[in-house]
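For the record, the sequence lines run as chains F and A. For reference, each letter of the first sequence is one residue, going 1 to 417 in the working numbering. For reference, each letter of the second sequence is one residue, going 1001 to 1417 in the working numbering.
Be aware that a few hints might be false.
Quick look at which bits of chain A chain F covers, simulated, 3 or more residues with Cβ under 8 angstroms [unchecked claim]:
{"#": "1", "region": "1059 to 1073"}
{"#": "2", "region": "1120 to 1133"}
{"#": "3", "region": "1147 to 1161"}
{"#": "4", "region": "1379 to 1391"}
Sample of chain A residues facing chain F (criterion: CB under 10 angstroms; computed from the structure) [as the list claims (entries may be wrong)]:
{"#": "5", "residue": "Gln1220"}
{"#": "6", "residue": "His1361"}
{"#": "7", "residue": "Trp1363"}
{"#": "8", "residue": "Gly1394"}
In silico DSBU-like cross-links for lysine-lysine, where the CA-CA straight-line distance does not exceed 30 angstroms [said to hold, decoys possible]:
{"#": "9", "chain 1": "F", "residue 1": "Lys414", "chain 2": "A", "residue 2": "Lys1386"}
{"#": "10", "chain 1": "F", "residue 1": "Lys414", "chain 2": "A", "residue 2": "Lys1414"}
{"#": "11", "chain 1": "F", "residue 1": "Lys386", "chain 2": "A", "residue 2": "Lys1386"}
{"#": "12", "chain 1": "F", "residue 1": "Lys414", "chain 2": "A", "residue 2": "Lys1310"}
{"#": "13", "chain 1": "F", "residue 1": "Lys414", "chain 2": "A", "residue 2": "Lys1286"}
{"#": "14", "chain 1": "A", "residue 1": "Lys1275", "chain 2": "F", "residue 2": "Lys414"}
{"#": "15", "chain 1": "A", "residue 1": "Lys1386", "chain 2": "A", "residue 2": "Lys1310"}
Think of the hints as simulated: they come from the structure by calculation, not from any bench. Note that the coordinates shown come from a computational prediction; the quantities given were computed from them, not determined experimentally. By construction, the Cβ of each residue, glycine as well, lies at the ideal position given by its N, Cα and C atoms.
Listed here are the chains, written in short residue letters.
There are 2 protein chains.
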Amino acid sequence: MSRTLDPHLELLTRLAQPSELRILLLVLDGVGDLTTADQPRTALELADTPHLDALATRSALGRIVPVARGVTPGSGPGHLALFGYDVTRPETDIGRGVLEALGIDLDLRPGDVAARGNFATADADGNLTDRRAGRIPTAECQRLVTKLREHLAASGVTDPEVILEAGEGHRFVLVLRGDGLSPALVDTDPQRLGAPPLDPAPAEGAFDTEKARATATAVQRLLTLFHEALADEPQANRTLLRGFSTLPHLPSMRDLYGLRCGAFAAYPLYRGVAKACGMEVFEVPKDLGKAVDAVAKRQDDYDYVFFHVKPTDAAGEDGDVAEKARVIEEVDRQLPRFLDLGFDVVAITGDHSTPAPMKAHSWHPVPLLLHGPRCFVDDCTRFDEKQAILGHLGTFPSRHLMGLLLANAGRLAKYGA
Amino acid sequence: MSRTLDPHLELLTRLAQPSELRILLLVLDGVGDLTTADQPRTALELADTPHLDALATRSALGRIVPVARGVTPGSGPGHLALFGYDVTRPETDIGRGVLEALGIDLDLRPGDVAARGNFATADADGNLTDRRAGRIPTAECQRLVTKLREHLAASGVTDPEVILEAGEGHRFVLVLRGDGLSPALVDTDPQRLGAPPLDPAPAEGAFDTEKARATATAVQRLLTLFHEALADEPQANRTLLRGFSTLPHLPSMRDLYGLRCGAFAAYPLYRGVAKACGMEVFEVPKDLGKAVDAVAKRQDDYDYVFFHVKPTDAAGEDGDVAEKARVIEEVDRQLPRFLDLGFDVVAITGDHSTPAPMKAHSWHPVPLLLHGPRCFVDDCTRFDEKQAILGHLGTFPSRHLMGLLLANAGRLAKYGA
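Sequences and hints are given; from them, build the entire structure.
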């Protein structure tokens, strides 16, 4: 790939050198939380975490800022930053269509164009009356997707290849596979009622207008077929598409850092993001103990292991700080087993904060714990938001974590003589 | 010079204004250290430093990151960053040949091409059997360099001018001086045994291929002469060259900041780096008391004085934390004399950390003390790594120190109306 890297990543790539030392990155999704008048203690502060406390006492603490002060990241940028990428650069953008496809574990290939679909309702004049078709249940969505597939097969249209998968509720994923496709299309969802869906069309500033126009024509033909297939449906008689996108062309972590990387995650979205960075990915059980077993079996093949814990984020999204603390305690109980895996450098952090009082991702800095033979043992005695402020590592952008991990593993050469 | 500056340096240059206030930067080379299970206290924590403590109580503390999180700098980048340069930009790169030349106090001039040389051993077929000629002693190296000089003089080759100086052990420095030279040559050291030395050749992507080719031809002619001269040597019958480089074309600190800068250092490398930034340089005795005397004599000519203390780094490299603490105590004893020199703004820091447990330079942030009438007296009572975390100045890139020094000396105008 001839693409230029951002200067920081280019520097790390220049300095990267081999070493025997191995790295474990334990991501507690959305772990950072907030103190407010109504929630005086964060989940990390509430949790009873003897093992994390003991590790903090032998480690360096600090905080990372995922994208920039005040900027709330989605799961894609949150993780890509942890892996060292500058997520403000457009080439790291993971579009909504791709994210949706990764989220249902679709095997996306380079060049595939993915879009997120909604089933919707239009009136007799073709104007939208419900952009979510009355929020039909998932089973209904699956029936409709099967119907579309059958109609498509009967139509004889085979180029580009079309992959359709039902998602949750009214959502589905459309993937186009073939030569000469472009993701530079506008959404067909007009984002308002009383108007018809928009026609597929090249986006303004599309890089290759010719390809975009051809892709728009192919999508138009598909939508006409879908429309025919859904003509007799009382609710879901239209489809809306948005977030046309392809897998980002990211340089792999192996090429960047010389690391053999393994990703272990129970949820497909995180495996998808890891795969986009060139990691080998493994689906692990949701049971944390069994997931650690899975890592134990395969870890010897990797210099760098990314392990993803989802329920911290889910509890934050639910606004349930007690449940979030309970999940953290579960991680704490498994911590000795993680440490027994024998990694030389262990980092524990999150891809972003998901404060329970906000029930959503947020921009707040995320506590970071870094353990290794050269980490600088500071005075912190607990892994939580407030102690992290006082830690040796300070507060810095998430994308600089990779340099610290490599350095602590002896994997960065000296810069300049 | 028409070269563009990095935006931060350009900003400082735009805002720089005259003032009577004078700055002293005291660099304790490699002063930052590490706490580990085996070394629970750093050299700064171990040292008994009543004067530094008293100064810390009246000062602002903080920490500087030399290049980027996790990146370990060499002495060149470590110092250039303290002087305000963005050392990730290629024009600040100080090559190995130049560094070696500066290290033996060779009077390098702009345009001179310097290379680091090794005496080596080749077998009858010309294949290398020892890239260091059995690590010959320095005296032997000096004899060989004299022999090369004499052979060269006898050959009548005078263009480019050739300067040869013996270094330590098997090392020497070659400098070419003349018009139309280029440093863009590959190393002739193949970095392995069983192969002959490589021929001098233009490096891939050489900016001026014509010049690089002409320089390669000149070097080839020299190597042939060297080869003849060494034909009867049992061990050192070949020379290997690497790190062809010229002095970096840095804008001078006078042009950038309007400062008359004086550098006082006992070791030539640091004088060399300072000279590359346009400072006037003075060799001072290794005895710290006598070195302060030398500063006292010349300081009135300068707005900014850089004083370099080497033994903190040397003790770190030796893994001797007690010796490092002892050196710090020696600096502490001289501190009242430094302060009596009457500088308005005094900063004490390091170019990087050299933790005793690592016996090497490292990436860890370096404690910084800044004293001046407007420095913000924070709550820190000791100059050490842990208090520095909590200081008013926070943790920031080394290259931003220059702005703080200028501001504290009243040498930066307001930005914008």
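Here's how the hints hold up against the structure:
Only residues whose C-beta sits within less than 8 angstroms of a C-beta in chain F count toward coverage, and the region 1059 to 1073 of chain A has 8 of them, enough to reach three; the restraint holds. A stretch counts as covered by a chain when three or more of its residues have a beta carbon under 8 angstroms from one of that chain; for the region 1120 to 1133 of chain A and chain F the count is 0, and the coverage is violated. Look at the region 1147 to 1161 of chain A against chain F: 0 of its residues bring a Cβ nearer than 8 angstroms to a Cβ of that chain, fewer than three, so the hint is violated. For the region 1379 to 1391 of chain A, the stated coverage by chain F holds: 4 residues have a C-beta nearer than 8 angstroms to a C-beta of that chain, and at least 3 were required.
A hinted interface residue such as glutamine 1220 of chain A counts as satisfied when its beta carbon comes closer than 10 angstroms to some beta carbon of chain F; here the least separation is about 25 angstroms, so the hint is violated. Satisfaction of the interface hint for histidine 1361 of chain A is found here, the shortest Cβ-Cβ separation to chain F being roughly 6 angstroms, below the 10 angstroms cut-off. A least Cβ separation of about 5 angstroms between tryptophan 1363 of chain A and chain F falls short of the 10 angstroms threshold, and the interface hint therefore holds. A distance limit of 10 angstroms between C-beta atoms decides the matter here; for glycine 1394 of chain A the minimum to chain F is near 8 angstroms, and the interface restraint holds.
A threshold of 30 angstroms between alpha carbons decides the hint, and for lysine 414 of chain F with lysine 1386 of chain A the separation of about 25 angstroms falls inside it, so the pair holds. For a cut-off of 30 angstroms, the pair hint linking lysine 414 of chain F to lysine 1414 of chain A is broken: about 38 angstroms separates their Cα positions. Restraint check for lysine 386 of chain F and lysine 1386 of chain A: the C-alpha separation of about 16 angstroms stays at or below 30 angstroms, so the hint holds. Distance check on the hinted pair: lysine 414 of chain F and lysine 1310 of chain A sit about 19 angstroms apart at the alpha-carbon level, within 30 angstroms; holds.
At most 30 angstroms may separate the alpha-carbon atoms for a hinted pair to count; lysine 414 of chain F and lysine 1286 of chain A meet this at roughly 27 angstroms. At most 30 angstroms may separate the alpha-carbon atoms for a hinted pair to count; lysine 1275 of chain A and lysine 414 of chain F meet this at roughly 23 angstroms. Proposed proximity of lysine 1386 of chain A and lysine 1310 of chain A is supported: the alpha carbons are some 23 angstroms apart, at most 30 angstroms.
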